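All chains should be modelled from the sequences, with the hints used to inform the complete structure.
Reminder that position 236 of the sequence shown reads as 225 in the working numbering, one-by-one numbering, no gaps.
Read the hints as simulated data drawn from the structure, not as lab findings. Among the clues, some could well be false.
To be verified - Below 25 Å or equal to it, Euclidean Cα-Cα: the simulated DMTMM-like pairs (lysine to aspartate or glutamate) are:
(1) 12 with 152
(2) 234 with 103
(3) 237 with 70
(4) 12 with 103
(5) 12 with 34
(6) 12 with 32
(7) 234 with 10
(8) 12 with 24
(9) 12 with 238
(10) 237 with 24
(11) 12 with 95
(12) 234 with 219
(13) 234 with 164
(14) 234 with 198
(15) 12 with 60
(16) 237 with 61
(17) 12 with 164
Claimed, not checked - Ranges between beta-carbon positions, derived for each pair:
(18) 29 with 217: 17 to 23 Å
(19) 123 with 163: 27 to 33 Å
(20) 217 with 61: 28 to 34 Å
(21) 59 with 222: 38 to 44 Å
(22) 115 with 220: 35 to 41 Å
These numbers were taken from a predicted model, which means no experiment stands behind them. Built from N, CA and C at the ideal position, the CB exists for glycine as well.
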Amino acid sequence: MTAVTADQSVDQLPRPTRLSEVKGWFFTADQLLFDWFLRQQQDREVPGDLLELGAYLGKSAIFLGARLRPDERFTVCDLFDSPAEDASNSKEMAKSYATLTRRAFEANYLSFHEELPVIVQGLSSLVSEHVEADSVRFAHIDASHLYEHVHGDILAVRELLHDRGVVVMDDYRAEHCPGVAAATWQAVTGHGLRPICLTGTKFYGTWGDPEPYRSALLGWLAGRGDIWHEVQQVNGAPLVRLSAKGAKEPAHPVSRHRTSEAERKPAAAPVDRQPAGAARSAAARPAGRPVASAAPGGVLRRVAVDVLPPLVTRALARARQRSRAARG
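Set out below in structure tokens:
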């Protein structure tokens, strides 16, 4: 593990209280799909481990770690603080991930989980030395944006993923990283990768039969009024395209730092502003008696007689008696 630098003291390490506080790009549509694919694999008893190439500060890794089953292994490979071996990769690291550190990743991950994943600190090309062939059921590739590195990552994952496994490619269409797009579609047209679906940021595919996933996905989407989708034909096969704007995110892992009383308990339901002593239950009030209620801005519109102070009540009664006597 790398040493803690002056600007990385223990007190300055992140302590996120919820997943949204972890910096990163992991949008609702992809959270829903990660959750759906992993649940499908669990329901269909698909075996295998989890793999992520490129972790940044751990947002998607934290999400994946919460879906890890007993006796499975989760491997995360990233350069973190290590220098890249070539000039172009070093330039990209300095530009995009200047604040990236292994310490920050670990602090974020341990905020939600008791144990770290298996961490391979180095180039993603090394991952094959640490993960067995045909052992992975779900792989997320989000490392370099340079064509030659992404191409190598895809070929490496092809050997690690078994035939029922799913690979996810990040930034397959982003304007600033055309190398990812080139490597992704080259894998489709030249290396047997078969698309299942895609969102605005990620591509989902398999080297096995995509039809069981695709059919189940379309069935799930048919019952979701909050997720738009369509089916297009790409390279002679159906491809599902979807968007989840406005959809609710799936369940997130709970932070170990989320310990304040306000965060543990749901917010109290709003109540009307009433004068002191007005908290009698509706059942305790005589039938037909008006109830104190607040107008906008907190100004009371009506005040029930049974909530007035006793002295005021008696004074009003004496005043009414004197008024009747005077009229008589």
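query = Which of the numbered hints above does this structure break?
reply = Going through the list in order, the structure violates hints 1, 2, 3, 5, 6, 14, 15 and 16 and respects the others.
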